[in-house]
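Asks: Work out the full structure: start from the sequences and follow the hints.
Taken in order, these protein sequences are the chains called H and L. Here the first sequence is numbered in the numbering used here, starting from 1 and rising by one per residue. Here the second sequence is numbered in the numbering used here, starting from 1 and rising by one per residue.
Calculated from the structure, these hints are not laboratory results. Note that this is a predicted model, so its numbers are computed, not measured. Be a bit skeptical, because a hint or two may be false.
[To be verified] Straight-line distance between alpha carbons at most 27 Å, and here's what the computed DSSO-like set of lysine-lysine pairs gives:
1. H:302 <-> H:416
2. H:9 <-> L:157
3. H:33 <-> L:157
4. H:395 <-> H:313
5. H:33 <-> H:153
6. H:445 <-> H:431
7. H:431 <-> H:470
8. H:503 <-> H:431
9. H:650 <-> L:7
[Said to hold, decoys possible] Now the stretches of chain H that chain L is said to cover, found in silico as 3 or more residues with beta-carbon under 8 Å:
10. 192–199
11. 287–299
12. 696–703
[What the hints assert, rightly or not] With beta-carbon atoms standing in for the labels, derived distance ranges:
13. H:700 <-> L:86: 38 to 46 Å
14. H:707 <-> L:121: 41 to 49 Å
15. H:137 <-> L:128: 39 to 47 Å
16. H:707 <-> L:72: 52 to 60 Å
17. L:125 <-> H:62: 54 to 62 Å
18. H:649 <-> L:125: 20 to 28 Å
19. L:136 <-> H:765: 54 to 62 Å
20. L:121 <-> H:512: 37 to 45 Å
21. L:25 <-> H:128: 40 to 48 Å
22. H:59 <-> L:128: 54 to 62 Å
23. L:26 <-> H:208: 49 to 57 Å
24. H:62 <-> L:136: 43 to 51 Å
25. L:25 <-> H:505: 18 to 26 Å
26. L:25 <-> H:478: 47 to 55 Å
Ideal Cβ positions, reconstructed from N, Cα and C, are used throughout, including at glycine.
Listed below are the residues making up each chain.
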Amino acid sequence: MGELDYVGKRIPRKDGPDKVTGRAVYTVDLQLKNMLVGRILRSPHAHARIVHIDTERALQVPGVKAIITGQDTLGIKHGFVETPRYPADQYVLAMDTVRFVGEEVAAVAATNLYAADEALRLIEVTYEPLPAVFDPEAAMLPGAPEIHSTHPKVKENLVNIGGKTTSQWGDVEAGFEEADHVREDRFESHLRTHGYLEPQVTVASYEQDGKLNVWTSSQGPFLKRAKLAKTLGLPFSSVRVQKAYVGGAFGGKIDLFSHEFCAAALSMKTARPVKITTTREEIFSAYRHGQPLIVTLRTGVKKDGTLVAQQIKTINNAGAYRSSGVVVIFLAWGFAMIPYRIPNLKYEGYSVYTNNSPRTPQRGHGAPQIRFAVESQLDMIAEDLGLDPIDIRMKNARNSGETLPNGDNVHNCGLKDCIRAIVEHTQFKTKFGRQPSGKEGRYRKGIGIGVSSYFGGSLIYPNSSSVSVKMNDDGSATLLTGALDIGQGAETIHSQIVAEELKIPMEEIQVVAADTETTPVDIGSWISGNAYVCGNATRVAAMDVRQQLFELAARELEANIEDLEVKDKAVYVKGSPSESLSYRELVALSILKRRGDPVIGNGHWRTMRDTPTHPSLATTKGRWSENYAFDAQTAEVEVDTETGKVRLLKAVTAHDCGFPINPMLVEGQIDGQVSMALGHAFMEEVMMERGRTLNPNWLDYRMPTIRSIAESEHLDVITEQYRIGEPYRTKEVGEGYVSAILAAIANAIYDAVGVRLFETPFTPEKILRGLGKIK
Amino acid sequence: MGTTHRKQLLSLSVNGEIYELAVECQETLLEVLRDRLGLTGTKEGCGTGECGSCTVLLDGEPILACLMLALDCENKEIETIEGLARGGRLTQIQESFLDKGGVQCGFCTPGMVMASTALLKRNPNPNREDVMESLEGHLCRCTGYNKIMESVLDAAKSCSEKG
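Replies: Here it is as structure tokens:
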């Protein structure tokens, strides 16, 4: 049915006018009447027993209204993962032990920041320092300081193991026997942070009627509500988390944070609103960063490049609590197994406690680390065997309809088309290889490729999305969605879907979003499923409205529903333009004839609807996603052989995101990811020494600026379609494109100067060492 | 403690309006704009002059409001993001940021738009290098800057076409 007027179009953001005029209100902008300011006291020790906390002097500071410590809480633990196997392991405020520098020990609410800071100085904490360990491989060895007991199911002579993922299929030993060539390499990635511009910030207001209102810079209000309610001992009905604009998140604002709990608890204690805004130094020093992985990769291939066996071991430096450490070792397996057929595989991933700040998902969540390893090694194997890097990828790349080892199907898989498109577009084969042109002299150019795949939504709380579309008397519509727009454009694309299904102009669709009290539940803006899961729920809700309008119109116009169509906010009988009823007329008719019903449509969507829950993090068994996006990326670099500096001249992304609901937003996602990967490759590193951050600011932690802009080109490989009135299977675009490009850069550097890099970041020192110019 | 600091009277001109204030000597222009005047369109990303989010125009020149003491702004004309769209009519730069996808999360946007406004006033036909020079002190984590570059160049082009 019908041509598309809204979906697939470059429609400007719904929230754009608010954002370009400064009217958009972020959590950091909220000022409630009579509001107090909160601050958090943090541990200066990486590992210590808390002997005593004395808050008496601090409470005397004029303006200080309340101080809480762990003893004032219910002592309920929380965790990024809370399952029977991996129960919560972190307190909202330390009880008797601190396990990382920056761990939250107490919180103060005061009438002004100066008083709050003065109180922090006057809280006396007596610590008994304990031995600490920071390197994950050292932390695993018997005799290392124990941060938490090794997980009871990991029956190995190792300590500090928070969790382990194992997976295998085929017969990996037989596979290696069969191989003509085997390589084993070790790859390491480094610590980076999200770099969201809006700091972590929460406003909590406990009302007289027992309702806790919360605004917090997050990636979805429903998970925050669940965790706040749990740790505060409140029913969900007493906690309302409401929308404010979010100034970036990138995985760093998903989980419950201590400051959110503290703002709420302090508001409950003082009966006044409390706001806690973190400083940038606090974020760098005490908040959660991404997850470096150590990857040992052993791969066996036939002479012709066919992969026959792969053995992968990953070690994750999880920090002081389990957090998402046991998720990233699962995901690293997943991102290793999607793009290529590997008949025999054995995977072991260890998540290791150390006395660093706990870790959290960061855009790509394991994919950049594992794809860097796999794609770098594949180029090495190709060279060992005298094969072309494109041919070896095409030989092993999955085809449409293939079933993955976990039982998922890749459906329409555009991977090979992505590789073909990018090779042609970049003229890869003429540029790649040690040809004299551009390879002599001080500046040398190279090109490299990588591929990746990313899942689109899985079953993690809140699992699903529900949406309502309300018709207004004048024929305009209101969309009620729990989805939180964190910059990706959620409100815009869901409005486009309503506009398309009902043919109502974008400007006549109002969005009420991300409020646990007034909007239905939403899967959240972190599991790469928003466009697919919430989008389909939105589509179903809009279809429900359309069906109701059709039924009303069919009766009134004495027509069959099949003969009706919508356009210009009206229902028409196909082929006879004079027979029509406007939405305004139909809503009035509905109210008249359906006992006041103003036409409200509801829609729900859950991915893998016959699957009870998420796959096992420990065994990888169970379905993971019904939706896999694929991409190939190339990097063209220029290496200065005198200084070792590398410039990314051009990045090309050929991507199968199904179809773009809004091409402008998709391009924005790709460009942002290319830029983030550029920072990953060359610039960004959180430097830590014994758990302390040495560069807790943006002068010393360098993120890309407009000066480091990379030319970024996009090639769409369309594998799915949007058809009005039918389910669609668009794929994710929010985090899958930070990975292959990283490997492509490493491979391009090798192509340019013959230096193979096994560790990120790709610093001038490493290049010069590789060139033999420094030791 | 802060509450005991002596305050000084300050007459501040923001977006053409005069505000009479009593401020402490250590208060920054950013604190006064956001906390006292409620002009929260100007953002604080770091508070230490590293991200550019707090950029406003002081006598037409872009400055970092987080590093500027409010008392030093006496007798100067301050322009913030709230002052651009007169009567709700967006400026060409604001329009171009919308049309070209220069906005994602929007937190850096007010600073970017203010710096771009100053650039186009000074140089109506900037090239890419000019844009880089004007915006290199502004961090954006969402866009990779490509569409911000496109937005500014589009604004310049549209302005010159409209004459």
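Asks: Each hint needs a verdict: does it hold in this structure or not?
Replies: Evaluation of the provided hints:
1. With a CA separation close to 20 Å, the supplied pair residue 302 of chain H and residue 416 of chain H stays within the 27 Å bound.
2. Using a Cα cut-off of 27 Å, the hinted pair residue 9 of chain H and residue 157 of chain L holds, with the two alpha carbons roughly 23 Å apart.
3. With a C-alpha separation of about 45 Å, the suggested pair residue 33 of chain H and residue 157 of chain L falls outside the 27 Å cut-off, and the hint is violated.
4. Pair hint residue 395 of chain H plus residue 313 of chain H holds up; C-alpha atoms about 24 Å apart against a cutoff of 27 Å.
5. For the suggested pair residue 33 of chain H and residue 153 of chain H, the alpha carbons sit about 52 Å apart, so the restraint of at most 27 Å is broken.
6. Straight-line distance between C-alpha atoms of residue 445 of chain H and residue 431 of chain H comes to about 9 Å, which keeps the hinted pair within the 27 Å bound.
7. Distance restraint check for residue 431 of chain H and residue 470 of chain H: the Cα-Cα separation of roughly 56 Å exceeds the 27 Å cut-off, and the hinted pair is therefore not satisfied.
8. Of the pairs offered as hints, the one joining residue 503 of chain H and residue 431 of chain H is violated, with about 48 Å between alpha carbons and a cut-off of 27 Å exceeded.
9. Proximity of residue 650 of chain H to residue 7 of chain L is assessed by CA-CA distance (about 54 Å); at most 27 Å being required, the pair is judged violated.
10. Note: the stretch 192–199 of chain H has 6 residues with beta-carbon separation from chain L under 8 Å; the three-residue rule is met and the coverage holds.
11. Only residues whose beta carbon comes within less than 8 Å of a beta carbon in chain L count, and the stretch 287–299 of chain H has 0; fewer than three means the coverage is violated.
12. A count of 4 residues in the stretch 696–703 of chain H with a Cβ less than 8 Å from any Cβ of chain L is obtained; the coverage claim is therefore met, three being the minimum.
13. For residue 700 of chain H and residue 86 of chain L, the hinted distance range of 38 to 46 Å is satisfied, since their beta carbons lie about 41 Å from each other.
14. Between residue 707 of chain H and residue 121 of chain L, the C-beta spacing of about 22 Å breaks the proposed range 41 to 49 Å.
15. About 46 Å separates the C-beta atoms of residue 137 of chain H and residue 128 of chain L, a value consistent with the hinted range of 39 to 47 Å.
16. Between residue 707 of chain H and residue 72 of chain L the C-beta distance comes to about 29 Å, which lies outside the given range of 52 to 60 Å.
17. Under the hint 54 to 62 Å, the C-beta atoms of residue 125 of chain L and residue 62 of chain H, about 57 Å apart, fit the expected range.
18. Between residue 649 of chain H and residue 125 of chain L the Cβ separation comes to about 26 Å, which falls inside the hinted range of 20 to 28 Å.
19. A hinted range of 54 to 62 Å for the beta carbons of residue 136 of chain L and residue 765 of chain H is inconsistent with their spacing of about 25 Å.
20. For residue 121 of chain L and residue 512 of chain H, the hinted distance range of 37 to 45 Å is satisfied, since their beta carbons lie about 39 Å from each other.
21. Distance hint check: the CB atoms of residue 25 of chain L and residue 128 of chain H are about 43 Å apart, consistent with the given range 40 to 48 Å.
22. Against the hinted window of 54 to 62 Å, the Cβ-Cβ separation of residue 59 of chain H and residue 128 of chain L comes to about 57 Å, which satisfies the hint.
23. The hinted window of 49 to 57 Å between residue 26 of chain L and residue 208 of chain H is violated, with their beta carbons roughly 36 Å apart.
24. Here the CB-CB span from residue 62 of chain H to residue 136 of chain L is close to 44 Å, well matched to the stated 43 to 51 Å.
25. Checked against the hint of 18 to 26 Å, the pair residue 25 of chain L and residue 505 of chain H fails, with Cβ atoms roughly 53 Å apart.
26. Checking the proposed 47 to 55 Å range against residue 25 of chain L and residue 478 of chain H shows it holds: the Cβ atoms sit about 49 Å from each other.
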